[in-house]
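Hints in hand, dock the two standalone chains.
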Amino acid sequence: MHPPGPKSTKQASNLASAPVSIHQFKIQNKSMKKIAVKDSPGPGKTGLPFIKKSFISLIYLTLFILPFTIQAQDTKAQINSTLRGHITDATTKEDLVGVSVQIKGTTHGVTTDKEGRFDFVTGQKFPYTLIVTYIGYEKLELVVNGSPVEIQLKSDLKELDQVVITGYSTLSKKAYSGSVAQVKASQLENRSAQSFDQLLGGQAAGVDIVQPSGVLNNTPVFRVRGINSISSGIYPLILVDGVPLFTGLVGGTVANNPLSSINTNDIESINILKDASATAIYGSRAANGVVVVTTKKGKKGKTRVSYDAWASVSSARNLPPLLNAFDYTTIKNEAMVNAGKDPGYKLQTRSDGSIVNTNWYDVAFHKAYSQSHNLSIAGATDATNYFVSLGYQDQNGIVRTNTFKNSLVRLNLDHKLLNNVTIGVNFSYNNSLNGGPNTGSLPGQYLDGGALGRSTNVLPPNVAVYNEDGSYNFQDKSRMGYGANNADASSNGYIGTINTENLQLILDKDKYTSETNNAIGNLYAQWTITKGLDFKTTYGVNRLSVENQRFQNPINGAAAPSGGSAGNAYIKNYRTNWVNTLQYSTAIAERHHFNILAGAEDIYTSSASWGATRTGLTDNFFTSYQGSFTTITPANNSQGENGFRSLFSNFNYDFDRKYLLSYSFRRDGYSGLAEGHKYGNFSGGSVGWNISEESFYKNLDLAKTVNTIQIRASYGQVGNLNIGDYPALGFYSGTTYAGTAALRFAQAGNPNLQWETSKKTDVGLKIGLFNNRIVLDADYYNNVVDGLILDAKQAPSKGVPGNSIKANVGSLYNKGIELGLTAQVINNDKFQWETSINFSTLQNKVTALSDGIDIYTPSTFGIQNMTRVGYSVGSIYAVPSVGVNPANGYRIFVNAKGQQVQYNQAGASKWTFLDGTPAPAIDNYLDGKIQGSSLPTYYGGFNNTFRAYGFDLNLGFTFSGGNKLYNGTRANLLDQRYFNNGTFVKDRWTTPGQITDVPKLIYADNVSTGFSITNTSVVEDGSYVKLKNAALGYRIPLEKVSNGKLTALRLYVQASNIFTITNYRGSDPEISINGNSIASGKDHNSVPNATTITFGANLNF
Amino acid sequence: MITKEKNKRYIYTTAVLFILSSATLTSCRKNLLETVPQTTISEVNAYTTPEKILGGVYDLYKKLQNAQYYGGKYIIYNELRGEEFGQNDGNANVGALIWGQNPLSTAGQVQDLWNAAYASINSANLLIKNVSTTNVISSPLREQYVAEAKFVRALNYLALVQTFAKPFNADNGASLGVPLRLNGETSTGNNDLVRSTVAQVYAQIIKDLDDAEANLPAAYSSNIQNASRAHKATAIALKTRVYLVKADYTNVIKEAAKLVPAVAPYQYTSGAVTHKLEANVASVFTGTYVGGETLFSVLFNTDDSPDVQSALGAYYFVSVVSPLAPAGILSDPALSGVASTDARKGLLGTKSGQKVLLKFPKAGAPYTDYIAVIRYAEVLLDYAEAAAEKDDLGTALSLLNAVRKRSDPTYVFPAADVTLKPNLIATILKERRIELLGEGLRTPDLQRRLQPLPSKTGAVGTAPAVPITASNYIWPIPSDEISTNKLAVPNP
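Protein chains in written order, with the numbering used here: chain A, 9 to 1109; chain B, 64 to 555.
Pulled out of the complex, with its shape left as it was, chain B reads as follows (with noise of 0.2 Å):
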């Protein structure tokens, strides 16, 4: 039998052969608590060379192109809030609910654009924090990315105002606008922050639109890049778009004189980049999408693009969740009378005995069609809607005619219509409606001149006029918000 002696050293062998196979267990596996992540960046080296910083750049933009939002959601759901679409499909996913003037603070359509904004919003704050004093890069490139954050900013300070506040001129900006998230966030804290104004809100976005104007290049060094990220002619126009929606029409002229000549033809060019209306209508939507009409695009490739209930080409006509309403737009005879040859009638088409949208052509997925947020187009209507309000008929009357007949060369407008400034801007407002169809300004457009959101019928039922004074005129802030941030208030 074992020893006490025995029995001590057995005890002390033992002791010792565990601590050794607990060390050889240790430098076995010696980082075991010291694991870095592979394919992840630490947010402490996000910053640290220039190929990072650049790609934060493009992080502002490829937020734009989630498709709750530019990349496709948003634009739908302006467009269904207002009266040019039909509604064939009851699936809430899809818009039946937005279409119907339901919205709900509760339902992931309204969840998800307030989300996609701020997030895109957040990677501009961030951007703009962290760059804005760093020596990886020199100075101008440094305060070009700034500049293009805070384009990026503006523009989505617009989209959240417009959608979840009151209308600018239906009280000169004094309801609740949103919370003005203005430093990038990356911890615990902050959550409640008050709604300012409308007022502070459309501030803040000319303002950084001023600040990116001053910035921003002239022009990039290739035209995909020229259509893809902001320069200073995408700047300006903006500033158009958004002295509009404040009725500011000094300002529309002042800014759109930046990029349109007094006298036809109208064209801009700065360095290497020219912007104009393309000769064809039909090229801004299915040719290179650099031919210097788009001032500003959403881009995707096959791996980043929309799924089928979110590209607008699905939408439009390959699901037909939405076929143009017989009564919008539609009714116009540039768009359906049978003797006329507008081309803009060419990007229409007809299924299921539907008239369905064709601007966005890609008939299957991938749906790599880029969507073009700001175009010349715009900026000459814009331009023409305020010369006209600033009763300078004849430049407003020479920019509408540049619109329409760039796609019907041959036609006249009747007196009757161009004549007297209601009637041209009733007109310029129309041609709005066909040139911009399904190109997501519809709802704004209605909302900045005050009118209720139309009466409707589609196959999922019928949705009532919606006066201004209504609580679904706006959207609800979000649940998800007003459970968060004790500072927000529901909108009433």
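Here chain A stands alone, though its shape is the one from the complex (with noise of 0.2 Å):
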């Protein structure tokens, strides 16, 4: 069905755009349109989210539609013209339904039908001007001289930040007083990444994301502004649809982060609520900011499929040059002679002649090709609203066997089944199967000997993966073969046992998988008893599914000499939601606006998991759990349940958009707390002031270039009680001694244990200018958490459980300020170029803790992480070292009496001071001193859209600074074991007199290097500036050349970690071997994240 073509598309446009270009604003791409797109109104339909949908409209058609539908109403005119017109987005070229066409000086007007088309018989003459308004779109007036005519409009991008969403109600905007970082579809979509949270760094201020290594589909740190607990929980509640989603690392000795179940592309908006006042509605489970997802909804007018798809390669970036295998066995051997050993170690020659020399990175590490493929259909009628979507990724990682399968399905549905009441639904559902290696940059990981970050750097080079006859290079089960080098223990010349395996027979023969089933849903009801007053109910269900398995062969590696091992486990967890809430909005005398809503939820969450570990494989045949084993003893096994009451309600009002008032309240009950602490109250308010809206403001000159000012302030009490289901409860457990019942002291309680209190403050102020073209948001917050619940240590001679028991006895403070700008740069028809730049600071600081007691874990290698009164959360910690000793090639350190202390692996006594005289050895605790905060004391992000000729260009640089990294990595490859090392040990000292930060290498020694001991030669700045993303796409203008039937289609190629600049001498400073802890800042042969060149298509119908 083709109407009446324009005169010409030239001419059509030029009618559209040429008279009003000046101060309107291009939509910055595709996905911006469909927010704007959304926020068309439509009879009956919003658009919006799901969640308050009608107070929604109602506001809408209050504050924006009615005066023009009102007006819109036919009057009876004599028939003078007839016009015909077709609108549609200046950028996408896509059909706008329900656009508002109103003759100037009549109270003629006609909407638009869902082709975006509208008939016009007036009893007016040509020329006349027609005022075309839409929401989300700018104004536009424009005369028209005949019929038809084609009209573009183009988006308003200030109209797109009107609503904030925080969960259980969406508010107005420029309302709205509290502080929310607001993340756009757009700013996430077409990325390679296995779930959504990957792709915040740099997106929002205040919110600090760390992408701890190159390992598929592996949880990254998520801070909202600074770390607000030391033993609870630090991860943001994640909220999606309303659902409150289970977060962590579930995969066992695999990466998998549940958020992979929410498919990016499904995503409208995302919302982090951080101040109290946002955040206060949440209660006891805010501490760490709210993160509420909302995800898309069905439009009106046509139906829409869009097809998206990318093909990605990746690569392994930046690893620390090795040493090959003739360096490596001269620097080995001279360390074996200073030790008073004799060489040991050897090249091997093949039969061919060639000498062995072997790049376990290349065993290690791969190009690896990646695809995703995203088909979703939306639409909608007058009564219902539908999106349904179909997700498909199959991704590899930079390291070998590192795959990640999801597919995801979504369906979203609303229906309207009375007049006043909606019926909906939200339901997403993923499989996902997460494969690969013991990588070791799992929290807890790196420790493991059969880690890969490790192997590649501790193998041998001189060794060769296959012998020359094909089979593996191995020996003794556990160990990689020794080639040429000394392998006889009796001689001096023994090299010692090579505690690494073949890394090759690894990949190949063993195997982990972690599989989710995910589903997450809600099912509501919602029923308009009368204009402004709105009952709702919300069941939500997260049904999250885990079943981790483990093989591990019975030739070579850690299960080997227990003939193979199998392990698996099933871990089941559920959580049900129900929310009733009772919202009330009215206008009095027009500008009293208010917004009450009260509420009561109940949350149960139960978890359980069950398994065991087989081992003894009764042939080798078998290469799974369910084959033939000698043993079984269990293992995963975990049952508990937790539960939430709480009531909560919110009071939001504004006189005339001007003055800005709110405040919310809300009582949480918890089961895991002792009777008389089971509840908490918690609440938040805010104020705010819309200076611009004053109309003494308005006449001033001030006004034409500063045309927004808000300022706003909040303060409230939010908790935090992530701890575990029973965590005051004192308790025993049964266990088993050598087949008899044993019942053992499992953990000492507290019944005096409460929730965690952070009070946060905060002020505001956002400023536009240039009618919003340069929008600034600026905030200082602080948030002073009390009452901290910490695993409080408690002397070890005591002899509790976990030498700890959970009490409230610290205190912390995270401050700073957010600066947010954006900016149109340039904005002309030709040419458009915006930017927005994020910047957030962070002061943390502890300020109490249980007696005073350091919180730190002392182990194998040492300290890096201390938490101690005065210093931020988790501060890097070392022993100071003021070199090498030019005159023998020992580190000197410096010990707490301030004396320097040198150390001698083969000395008689090994710690002497300079004079030679035996010392004290050093104690990593008490020698040791706070280098510096593992936290960024700065990060941001700094984003740029050019776009010119249906090109688009996207550079995303994020940038962190001011922590400290401890450098695991160069410890370890500094090793002086038949470790390899880095080329960078080739400055070794070798002369008296020779200045150089590498020590003397003496067999075996571990110490002078910081891997047993932490020490200051391997602390270092962990700034840097990353270009994160960049990404160039063409829109091809395919409206013509298919009739219609494709609306758009977008070619991009993207890239991702592209270039960083650093002084950081390790692979990467964006590195986190600890995950979501407060262990930060420690690298310790971590798989380097990737650099990955991504191609994709977005088709639209």
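Honestly, the hints are just simulated from the structure, not real lab data. One thing to keep in mind: the hints can contain errors.
Each computed SDA-like pair below joins lysine to any residue, with the alpha-carbon atoms no more than 20 Å apart [as the list claims (entries may be wrong)]:
| # | chain 1 | residue 1 | chain 2 | residue 2 |
| --- | --- | --- | --- | --- |
| 1 | B | 414 | A | 339 |
| 2 | A | 905 | B | 334 |
| 3 | A | 485 | B | 99 |
| 4 | A | 182 | A | 613 |
| 5 | B | 270 | B | 285 |
| 6 | B | 192 | A | 757 |
| 7 | A | 580 | B | 99 |
| 8 | A | 485 | B | 415 |
A short list of chain A residues far from chain B (calculated; beta carbon distances all over 12 Å) [as the list claims (entries may be wrong)]:
| # | residue |
| --- | --- |
| 9 | 326 |
| 10 | 329 |
| 11 | 683 |
| 12 | 871 |
Nothing here was measured: the structure is a model prediction, and the numbers come from that model. The C-beta atom is built at its ideal place from N, Cα and C for all residues, glycine as well.
The structure is reproduced here in structure tokens:
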């Protein structure tokens, strides 16, 4: 069905845009357009997320639509002209449905149909002026001279920010005085990732994301305004369409982030609630911030079918250079001789005369190819709107055998059952299979002997992967073969045990997988009782099932001495939440706007897991748990449940959009606390003043430039209690002693345990310049956490389980400023440049701990992180080293008394003063000092979009700094056992008088290196600037070619992790070996982040 | 349109509906906030049935079985600090730093041992506290359980004071020992406690063992219980070790005499239990473990077997982390002499050109070899040494011969080795090294005799001799104790 065509495209577009282009903005790109369209009003349908839809409809109806629709009623008139027209989005060329078209000076108006067309039969004669208005687009006035007309509307960027979705309700941003960071779909889409949280880095002020390694689907570090707890959870609360999700690491040996169950392409918007005013409605779960994710809805108009696909190639980036076989043998023999031993390392020559020179990186890493497909169908009728999507990803990691397959489906449906009753469902289900080796890059894993990141760095380069007959080169079940190196234990040149397996064999024969089935959904019904009064009931479910499987071969590796091993664990997590809310919004005397919400919520969570370990294959044929084994032992068995019962309310008031007031209250009860302490009250409030809405201000000259000024302030108390199901209870657990029943003291309880209280203060300012072409947001925040729940360290001599008891005995604060600046730098028809910068600072300080007792974890690797009163949480800790003694090549440490003490692995006294007299051994704890914060003291992002001639270019930088990193990888690469070394070892001390930071090499030394005792030689500045993302796209105008069947085809090429500017000497300063914990800033043989190049297409029908 | 009345009614209806639905919601999970753990037992119920209390008793032994403790590592460390074993593996986790006499206050090995011993002490203290007054079990049983707890507590304090404090004989126990915790701890507070002196710790050990001896049963109802649960003879045997450490030879003899008759055959029988040397030393380690030689063993089964980095078998010969050092006791003709017919030579093997110890013979996981903590041969040698010190050379030689001739019946000690008191004592000490090789007594034996820890060479480098004056002669108090217990001072 083709309407009368425009006179000519050129003319039509001139008609539409020429007279008004100066003050119009162009829409950013396809995804922005989706948001714009989303906001379009249709009869009985707002297109906004389901939550509080009716309320929003009312607001919009009242504020924006009514004036037009009222005016749009036909009047009887004499027919003087007939005007036909077609209205499309200026950028995407998509039809716009429900646009108001009115003839200036009359009450005559119509709206466009679902193909964006309108017919006007009017008593007016050409020419006359049309007024075209549409939510989310700039108002357009144009003179028409004849029919038909082709009109293009440009989206109004400042309109896009109009709502804040807080989970229980949706509020107009102009009338909102809390602190919220918003991330749009366009900031996330078309980038290769496994979960949306990976993409948030640099996208919003106050949100710090660290991608911990290049392992697929690894859970990123996610901090909102610093670290707000020590022993309790430090991950933000994540809600998707109101359902609180399970988060964390669930994969066992392989990475598995449950947030990969949310298809990034389904996300409409992400609101990150930061201050007390915004988060108080979540009460006890809000201390770490609340991330409210809203998924897409169908829109009225033509059914929209979108197909998005990409293919990518990833490669390992910036691996530390290691010694080759030739240098390795030289270096190791030098160390042996220096230790009084005979040289034991030799090059191995194959029968064809070639020398064995193995690059273990080639065994571990490869170029990895991935693909992703996503299909969505969305549409709406007057009564029903729907969004269905199907996603599939087949990703491969830079680590060989690291795979991630993910299938996702979603159905979002809203249906108007009765005139005043709407029901709806949001449902998603996914199945993902994460596979890979033990990479050593997940929390706690770097200690594992067979971990890949360690293997590449320690395996000798002068031994071969395969023997000449093609068999694997190994010896003794758990070790790499010796090659030509001295394996004679009775000889003085014996090199000792090679305590590492053949990595190739491990990659080929061992298998670790984690499979997720995750159903997330909710069902709601909303009843508009009377105008402005809505009752809503929502029942949400999150059912996360994970099956972790492990198989370790019986030939070579950690399980080989046991004859092979397999383990399966099945984990069931189940959560329901039932929310009932009553919301009333009204305007009194047109200028007093009230919005009052009251609600009740029950959240029930149960988690159970079971599994076993089987060892001793009865035959090497078997490769799975279900095969035949000689022994079985129980493993991974747990069971627990908890419940929250809550009442909450929110009150919002504004006077004429000038004076804003908001207050929230929540009372939470938690099952895990003892009687008398179960309930906690949380509340927060804010005030705001839109100065630019004042009439006195509007009359100022300044108002022409500075068109928006808002100031706001908030304060409140929220809580945290993410510490398991039974934190207050002292209990015993059953065990067995050689088969006999035993009962052991398992947890020391604390019946006085209470909620942590986070007191959040926020003062903010918003300024818009040049009709909001430049918008600046500035916030000062101060979060003071009191009653911090600590695993309060008990003297180990007390012998209580874990040497700790949970208690409310600490305090800390996070404070800083956040700046966000968005600007339309250049905006004309041919070329647009939009830029946004966000910058946050963080000052984190612990002000009290239980009896002032330090919190740290001593280990074989010394102490890297120290939480101590007066310093930031988990500060980097090390013993000062003043370098290498030029006289003898020994590393010089400085003890707590300020004395210089040198270490000689081969000395009769290992620790001596510089005059050679014996000195007390350096004590990592007593002689160590805090070296600096492990948390960045500033971070942010700098994002740019350029658009011209159908091309769009995106450049996204992230930066972070002010923190220290402990470069454990470098310590490892200086280790004087059989370990391979970094090429920097060639600068080692060899001659008296030589100035160098690499000590004299003495076999078996792992003290001078920073391996067993942390020292400052490997404490480094973690500051960096990274070009995280660059994308170049071209939009092919297919409408004409395909007769309108295809509405858009965009092709793009995108790259991530392109370059990093840093002084850090490791692979990547964006690192976290310990995941989301207070032990930040340690690098130790972690798999580096990948550089990925993606080619993709977005196709709309 | 809706009238005002209607409006009111709507609001009213809604309010009712809201309350109703909340009520429904509430009734849906009545006990939402009253969750009770299904897999753990509240501390208030932990001592309320005879079965639970007995479970607490078995936990005493379970704690000793910890892989970082008597389950493996503690025994290994006492060998690594001596001279009998080399070290092939540079990995700190398998003790490279310990072998290299480099104990660090922050090292996992140092922390773990301290933690394991004190966890066991608290388990004993809690049992004593909760059982002493219970009516759930009979009074004799109550006293027996308390006695078992006291035995375990004594064994723990002996391990602690020997590892973290100067030898008693250096200054008659005047040095700082370890904090003496004698009350069960279940809550916050009480972190600060001074280190008692070495003498005070030993006094407590002896007091506990005397109490234990008084109330322990002579025997249990099964041989495996006799091998694994403290009974009278166990407490007595441990006392011989403790008094020997203090060089209190009179009391060694007094206690040993309770278990060892004045003349051969050396055998102790009380009730259903008999303790004696088994005919073949190998059967002590490879048999049923209930042959009577063992006075106290740590047991394992598949479910609780130690891991590959802690299991003695894995350590000594499967992984060969520590082969026998050629310069150690391996050089004694009894073990390496070509002509030696000593059965203990049969407990050695060869792997990759190295001599290895096969006493704990499981060749792969699960490493379920029982570990003998105290056995009759040690009691005989304790007795022999004390007798020799007290100039009863005849008894001493007779006891020495009992041990030697069990493994090498035709062997005759050269007269020069056994005639004079100092030579006899040296021979007895050497016999201990041969007999008890790999069983974790070497470092305590060196230290009670105030000898330096000998220098040695291994694949991962060299370890210099450690004189008794050196700071690393004993282990540092773990940094966690120093940072939490404000009254605990570090070792110099």
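Problem - Non-conforming hints, listed in increasing numerical order - result: Failing hints, ascending: 1, 2, 3, 4, 5, 11 and 12.
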